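**Q** Chains as they are written, first to last, in this note's numbering: chain A, 1 to 95; chain B, 1 to 95; chain C, 1 to 95; chain D, 1 to 95; chain E, 1 to 95.
One should not assume that every hint holds.
Below 35 Å or equal to it, Euclidean Cα-Cα: the simulated DSBU-like pairs (lysine-lysine) are [unchecked claim]: (1) B:Lys20 - A:Lys23; (2) C:Lys23 - E:Lys20; (3) C:Lys20 - E:Lys23.
To be clear, the hints were calculated from the coordinates, so they are not data collected in a lab.
Quick caveat, the model's predicted, so the values are computed rather than measured.
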Amino acid sequence: MQLGMVIGNVWATRKEDDLKGLKFLVVQPELPDGQSMEVPFIAVDRIGAGVGDQVLVTRGSAAANMSMDPNLPIDALIIGIIDSIDVEKERGEER
Amino acid sequence: MQLGMVIGNVWATRKEDDLKGLKFLVVQPELPDGQSMEVPFIAVDRIGAGVGDQVLVTRGSAAANMSMDPNLPIDALIIGIIDSIDVEKERGEER
Amino acid sequence: MQLGMVIGNVWATRKEDDLKGLKFLVVQPELPDGQSMEVPFIAVDRIGAGVGDQVLVTRGSAAANMSMDPNLPIDALIIGIIDSIDVEKERGEER
Amino acid sequence: MQLGMVIGNVWATRKEDDLKGLKFLVVQPELPDGQSMEVPFIAVDRIGAGVGDQVLVTRGSAAANMSMDPNLPIDALIIGIIDSIDVEKERGEER
Amino acid sequence: MQLGMVIGNVWATRKEDDLKGLKFLVVQPELPDGQSMEVPFIAVDRIGAGVGDQVLVTRGSAAANMSMDPNLPIDALIIGIIDSIDVEKERGEER
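Excised from the complex, chain A in its bound form (with noise of 0.2 Å):
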């Protein structure tokens, strides 16, 4: 999973048929300490999360793995909202 933190909103009012009624957002991709990377994208959310929330998503076909949902075309999912990170040794790029 990637973290992420949500920076907006998209409305698409003509879409296939059984995406209504999710709600899109626009999440911007960080690192464990906050800082953003890569370019953002659209996610949908199902657990009540806004801007300025860090998020944990789900990208690629296991977004669609969603329970009580058939599944459905997409391909991220924000599937939590943060509480902490705990990095013990930082050993990213900069080693």
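Assemble the complex: chain A is given as a structure, and chains B, C, D and E must be docked to it using the hints.
**A** Positioned in the frame of chain A, the structure of chains B, C, D and E alone reads:
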């Protein structure tokens, strides 16, 4: 999902049997602010998108989760035509 | 989907049992204007494509959604042979 | 699969219902020689990995193929804790 | 699919239950001309490949479409051992 602009059409008479009748469009990926990024790709459209429309695209095998159709060998589907995008705090690459 | 040019063949006698009889082609990815990009990869062909054909390729696990076949362990399938591409406004990388 | 080092934990109380009880770890991707590469991501662990363990990770929707669980919306799963890696001829990037 | 050279082995005693008995090999991705590219990754082998073999690898969740096995959490499978590659017109990166 990814934002993009429809910039063209692709025609292929000889194709996998179960893809007859599908419409294939050329999509240029875009950032939420409309800036182009990466390279164009080809996506299936079932909602009536055309050249000049800003669209929301699902990529990867989730694109095959189309209602009323068996799972087809496609990896990009236009799932919405964008009405508006509202990005509150742009935290993109320039941060 | 991705556009590409068929540039060669791959032969492998020893392979996963259920892949016997499949044809494997080398594909060079291309932009809609025919310019090469990225690196060549190997795709399965069931529609009679050959060296010199410009093709439409599905990548990732959706390639396994082949009609009349069980889900096979393949990640690229040639789904069409291109007749023509019409790009109205080129908004690619150079914009 | 990808090799990596577990470098931290992520907590998210509010999440998709069927993810309750799963453990989420921060993983720094590594090359076979232990060199860090790319950026950290978040993976589910069910085999008792912890900070400092070198692990084998499955990424993408195959991560959801967990025995004894329905298909969950997760895209990275720790599938093994590394005992040893034996690379006979290093033909990596430096060749 | 991607071409690669088997360059090593990985051992992991502690792993997801349904992966017991699978062989994990280190694969260095290669271009059709044998040139190394990108970084090594780990793939499952069921066809008897070993160090020094040039192989054809399926990546992503399609790797889990193994005949006679349930869908396992693996994202790379060696599907063939290369006999020969015939590239008629090299149109790779140098064009």
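**Q** Now, for every hint given, state plainly whether the structure supports it.
**A** We went through each hint and held it up to the structure:
1. A threshold of 35 Å between alpha carbons decides the hint, and for Lys20 (chain B) with Lys23 (chain A) the separation of about 32 Å falls inside it, so the pair holds.
2. As the CA atoms of Lys23 (chain C) and Lys20 (chain E) are separated by approximately 32 Å, the hinted pair is consistent with the 35 Å bound.
3. Among the hinted pairs, Lys20 (chain C) with Lys23 (chain E) is consistent with the structure: their alpha-carbon atoms are about 22 Å apart, no more than 35 Å.
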